[in-house]
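**Student:** Let the sequences and hints guide you as you build the complete structure.
One letter stands for each residue in the lines below.
Protein chains: 2
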Amino acid sequence: MAKYVFGVDVGGTTVKIGYFDLEGNIIDKWEIPTRTEDDGANIIPDIAGSIMVKMAQNDMTKEDVAGVGIGVPGPVKEDGTVLVAVNLGWGKKNPNEELGELLGVPVKTANDANVAALGEMWRGGGQGHEDVVAVTLGTGVGGGIIIGGKMVAGSNGAGGEIGHIHLEDEETEQCGCKGYGCLEQYASATGIVRLAKKKLADSSKDSILRNEEVTAKAVWDAVKDGDALAVEVAEIYGKYLGKGLAAVANVVNPEVFVVGGGVSKAGRVVIDYMEPYFQKYAFPGARNAKFVLAKLGNDAGMYGSARLVLGK
Amino acid sequence: MAKYVFGVDVGGTTVKIGYFDLEGNIIDKWEIPTRTEDDGANIIPDIAGSIMVKMAQNDMTKEDVAGVGIGVPGPVKEDGTVLVAVNLGWGKKNPNEELGELLGVPVKTANDANVAALGEMWRGGGQGHEDVVAVTLGTGVGGGIIIGGKMVAGSNGAGGEIGHIHLEDEETEQCGCKGYGCLEQYASATGIVRLAKKKLADSSKDSILRNEEVTAKAVWDAVKDGDALAVEVAEIYGKYLGKGLAAVANVVNPEVFVVGGGVSKAGRVVIDYMEPYFQKYAFPGARNAKFVLAKLGNDAGMYGSARLVLGK
Numbered sequence: 003m004a005k006y007v008f009g010v011d012v013g014g015t016t017v018k019i020g021y022f023d024l025e026g027n028i029i030d031k032w033e034i035p036t037r038t039e040d041d042g043a044n045i046i047p048d049i050a051g052s053i054m055v056k057m058a059q060n061d062m063t064k065e066d067v068a069g070v071g072i073g074v075p076g077p078v079k080e081d082g083t084v085l086v087a088v089n090l091g092w093g094k095k096n097p098n099e100e101l102g103e104l105l106g107v108p109v110k111t112a113n114d115a116n117v118a119a120l121g122e123m124w125r126g127g128g129q130g131h132e133d134v135v136a137v138t139l140g141t142g143v144g145g146g147i148i149i150g151g152k153m154v155a156g157s158n159g160a161g162g163e164i165g166h167i168h169l170e171d172e173e174t175e176q177c178g179c180k181g182y183g184c185l186e187q188y189a190s191a192t193g194i195v196r197l198a199k200k201k202l203a204d205s206s207k208d209s210i211l212r213n214e215e216v217t218a219k220a221v222w223d224a225v226k227d228g229d230a231l232a233v234e235v236a237e238i239y240g241k242y243l244g245k246g247l248a249a250v251a252n253v254v255n256p257e258v259f260v261v262g263g264g265v266s267k268a269g270r271v272v273i274d275y276m277e278p279y280f281q282k283y284a285f286p287g288a289r290n291a292k293f294v295l296a297k298l299g300n301d302a303g304m305y306g307s308a309r310l311v312l313g314k
Numbered sequence: 003m004a005k006y007v008f009g010v011d012v013g014g015t016t017v018k019i020g021y022f023d024l025e026g027n028i029i030d031k032w033e034i035p036t037r038t039e040d041d042g043a044n045i046i047p048d049i050a051g052s053i054m055v056k057m058a059q060n061d062m063t064k065e066d067v068a069g070v071g072i073g074v075p076g077p078v079k080e081d082g083t084v085l086v087a088v089n090l091g092w093g094k095k096n097p098n099e100e101l102g103e104l105l106g107v108p109v110k111t112a113n114d115a116n117v118a119a120l121g122e123m124w125r126g127g128g129q130g131h132e133d134v135v136a137v138t139l140g141t142g143v144g145g146g147i148i149i150g151g152k153m154v155a156g157s158n159g160a161g162g163e164i165g166h167i168h169l170e171d172e173e174t175e176q177c178g179c180k181g182y183g184c185l186e187q188y189a190s191a192t193g194i195v196r197l198a199k200k201k202l203a204d205s206s207k208d209s210i211l212r213n214e215e216v217t218a219k220a221v222w223d224a225v226k227d228g229d230a231l232a233v234e235v236a237e238i239y240g241k242y243l244g245k246g247l248a249a250v251a252n253v254v255n256p257e258v259f260v261v262g263g264g265v266s267k268a269g270r271v272v273i274d275y276m277e278p279y280f281q282k283y284a285f286p287g288a289r290n291a292k293f294v295l296a297k298l299g300n301d302a303g304m305y306g307s308a309r310l311v312l313g314k
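Line by line, the protein sequences are chains A and B.
When we follow the working numbering, the leftmost residue of the first sequence carries the number 3, and every step to the right adds one.
When we follow the working numbering, the leftmost residue of the second sequence carries the number 3, and every step to the right adds one.
Since the hints were derived computationally from the structure, they do not count as laboratory data.
Just so you know, these numbers come straight off a predicted model, no measurement behind them.
Glycine included, every Cβ here is placed at the ideal spot set by N, Cα and C.
Residues on chain B that point at chain A, a partial pick, calculated with CB under 7 Å:
id	residue
1	I164
2	K245
3	P256
Non-contacting residues of chain A with respect to chain B, defined by C-beta distances greater than 10 Å in every case (computed):
id	residue
4	T16
5	I29
6	W32
7	I34
8	P35
9	T38
10	N89
11	G93
12	L104
13	G130
14	Q176
15	D227
16	P278
Pairs of lysine to any residue, SDA-like flavour, derived with a Cα cap of 20 Å:
id	chain 1	residue 1	chain 2	residue 2
17	A	K282	B	E173
18	A	K79	B	P286
19	A	K180	B	E277
20	B	K79	A	H131
21	B	K282	A	C179
22	B	K79	A	G130
23	B	K152	A	E80
24	A	K79	B	E257
25	A	K180	B	K241
26	A	K152	B	E257
27	A	K241	B	E173
28	A	K79	B	G150
29	B	K180	A	N290
30	A	K94	B	R289
31	B	K152	A	E132
32	B	K152	A	E257
33	B	K152	A	H131
34	A	K241	B	Y182
**Tutor:** Structure representation (structure tokens):
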């Protein structure tokens with residue numbers, strides 16, 4: 003009988019690895035460097051080696067291990083095929099097979115934003131719910147959709163790409179996806195800085211933000227201090243984010259949105275400026291969604307990839 | 003061993019009932035009136051009686067019947083609880099229990115737009131696919147989301163309410179949902195008529211549409227005849243619909259959109275004017291979605307509710 007499950011979160015710089023009991027209590031976690039050279043050919047053997055050593059150190063047999071889950075920064079199909087993972091140097095690759103052969107235990111791979119959502123559902127802000135949307139407000143805006151406790155990978159691995167919902171026809175700057183007017187251009191950390199700089203340029207209003215470097219943190223700190231210009235920026239930010247999440251709610255009608263990522267470190271205030279617009283723009287029947295802050299931080303992916311192995 | 007499954011589609015005027023073999027081949031179908039008086043108290047007993055008679059006429063036992071599926075015009079929770087169905091006179095009600103007790107076979111209830119999607123996946127335009135979004139362009143705009151062959155009901159029965167995705171801040175007319183600028187206000191039959199009337203009023207351009215009653219059919223007929231003003235209307239229509247469906251694709255990344263409802267009777271032209279905008283506004287990874295016309299017409303709900311009983 004299996005007693006443990008491993009969760010792996012592969013980032014562009016480090017690979018986070020942890021192991022858990024089957025209820026999701028973490029027993030140990032550690033990191034190894036991500037060796038992206040040679041098209042990232044070493045990444046999977048490195049993960050295998052690190053897990054083998056940990057198993058040996060703890061007298062674990064293969065029979066003790068339910069499997070290994072992996073979250074990867076790129077689109078991943080249902081069968082574990084990674085279509086591409088630019089930050090790892092990977093083209094098409096199937097870690098389910100490659101790592102599975104090395105370790106001799108079941109391996110399941112999925113997109114990192116999607117497994118982070120699963121982690122937050124399992125042991126984070128979404129615990130107790132099965133219809134969850136995780137929203138990551140970081141350098142970009144990511145999403146992970148969980149329906150009935152299962153991840154929505156999407157037919158081409160693009161499920162949960164909510165950061166690229168088109169919201170603004172008038173946008174003249176281009177998004178990373180080559181589009182114009184994506185949610186991410188307003189609701190990410192860089193998005194709010196852009197909104198703030200625009201407001202500072204267009205307005206002659208006095209503001210704390212005129213005296214310091216404009217960062218996402220600085221904007222939210224200014225909002226908390228009651229800075230009038232920063233509050234105007236937060237309103238614009240909240241309107242875009244509320245509109246985007248309302249569209250998501252009209253599609254999948256989740257019980258809860260779990261809001262994480264760097265921007266959410268500002269706390270509940272991010273939700274407070276968004277929620278009135280969500281209520282305004284969501285279909286009445288879909289307004290039941292609750293908003294909570296993510297709890298697992300950078301460990302969400304590790305938790306979620308472990309959960310992926312255990313299935314529903 | 004069960005050999006048959008019943009599918010029921012409850013509308014405000016008639017109830018459509020059919021029965022199928024377990025592969026989804028239809029054996030018989032018929033209609034009974036929907037008696038909405040007395041808060042629709044007779045509807046479920048009427049359905050039960052009609053099915054009992056059909057079973058007796060065909061020497062069917064309970065053991066021959068896998069179950070009965072019902073599609074209802076209103077929000078329905080996972081457990082079959084109908085929250086409200088205004089057109090039937092129903093408040094909160096659970097047909098799974100009520101009809102199940104009368105018939106002594108398993109009953110499963112879901113929202114009519116959602117089961118229609120399931121029907122189109124099973125035996126209609128989406129056959130062969132498991133990640134399907136059905137779009138109904140009728141008096142309103144409805145949607146049904148199918149992921150991995152299973153319907154997304156939503157935590158409050160509002161899954162697939164894509165007609166109420168907010169698209170237009172400048173809208174001054176109110177939508178049926180009390181919002182302003184919903185997809186449905188542009189992409190429904192009434193929506194395209196509204197767009198055409200606005201264009202006729204704002205433009206002095208000659209048009210076939212100036213000489214006849216402006217209906218959705220008339221607009222699309224004029225588009226097919228190359229009427230320049232009607233083509234401008236179709237472009238606006240296509241832009242709104244493309245933008246809305248792109249948002250849906252960024253959330254669930256389906257393999258296929260199945261386009262049905264009265265407006266779609268105009269045929270492929272409706273898709274042709276929409277698809278370039280879908281391609282423009284969808285996330286690159288989600289642009290793989292194909293667009294097909296629905297095949298089952300008004301029978302989709304009957305097929306889908308039968309499929310609901312059989313599960314995945």
